[in-house]
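Working from the sequences, and respecting the hints, build out all of it.
Protein sequences, first through last, are from chains B and E. Using the numbering used here, the letters of the first sequence map in sequence onto residues 1 to 110. Using the numbering used here, the letters of the second sequence map in sequence onto residues 1 to 112.
Please keep in mind that the hints were generated in silico from the structure rather than gathered at the bench. A few of these clues could be false.
Stated by the list, open to error - Residues of chain B placed beyond 12 Å of chain E at every Cβ, according to the derived structure:
#	residue
1	Q37
2	K41
3	N52
Claimed, not checked - Quick list of in silico lysine-lysine cross-link-like pairs, BS3-like style, CA-CA up to 30 Å:
#	chain 1	residue 1	chain 2	residue 2
4	E	K19	E	K41
5	B	K56	E	K44
6	E	K9	B	K56
This structure is a prediction, so every number in the text was calculated from the model and none was measured. Note that beta-carbon positions come from the ideal geometry of N, C-alpha and C, so glycine has one too.
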Amino acid sequence: ELKVEQNPLFLSMQEGKNYTIYCNYSTTSDRLYWYRQDPGKSLESLFVLLSNGAVKQEGRLMASLDTKARLSTLHITAAVHDLSATYFCAVDRTGNQFYFGTGTSLTVIP
Amino acid sequence: DTAVSQTPKYLVTQMGNDKSIKCEQNLGHDTMYWYKQDSKKFLKIMFSYNNKELIINETVPNRFSPKSPDKAHLNLHINSLELGDSAVYFCASSSGVGREQYFGPGTRLTVT
Chain B
1 ELKVEQNPLF
11 LSMQEGKNYT
21 IYCNYSTTSD
31 RLYWYRQDPG
41 KSLESLFVLL
51 SNGAVKQEGR
61 LMASLDTKAR
71 LSTLHITAAV
81 HDLSATYFCA
91 VDRTGNQFYF
101 GTGTSLTVIP
Chain E
1 DTAVSQTPKY
11 LVTQMGNDKS
21 IKCEQNLGHD
31 TMYWYKQDSK
41 KFLKIMFSYN
51 NKELIINETV
61 PNRFSPKSPD
71 KAHLNLHINS
81 LELGDSAVYF
91 CASSSGVGRE
101 QYFGPGTRLT
111 VT
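Okay, here's the thing in structure tokens:
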């Protein structure tokens, strides 16, 4: 069974600091996705990573993919309060089934 | 315009009842999905469906069944509801293999 693990599960950080969320997965996949979920809301797509070495950046968030290590990272630069949310990575195994990670609940403290 | 919509937003019902959740997408996508998010926020794929193929996660009880009247709709029917079915159910759609999925607002199901 495919496993997708995120680390850490909970993250509390001060505004202005940098941090990285890690996503490890247990089977070969060339596609990885990052989503954001605000409390009580739906999931919003952040990044789609489709090949080894892919790097994408949007604002203070940057995602990368290393398919050989089966690892993706989501790096947060100079965090602001608006980034507080739960972040999920997801791996696409068969082309039409996503397996989500455990989620990382991020709280940015002023 | 809402891309992926679900009804109802909230559903409270008693054990043993049968209920349906509706999902519609106006994105022209050919693949739709159902996910279950439990109280710990863990998301699990339940079904994926396009015109040709239904893929069922083998861990999903057969009390759950997707029904697709057309390409833009994928409804979720649940028979004999149990307490453990309480969760938030998300519908999603995508335009094909390897494409990002767009999620609906979710339906919070509470079984009493």
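(request) Kindly indicate which numbered hints from before are broken by the structure, ordering the numbers from low to high. (result) 1, 2, 6
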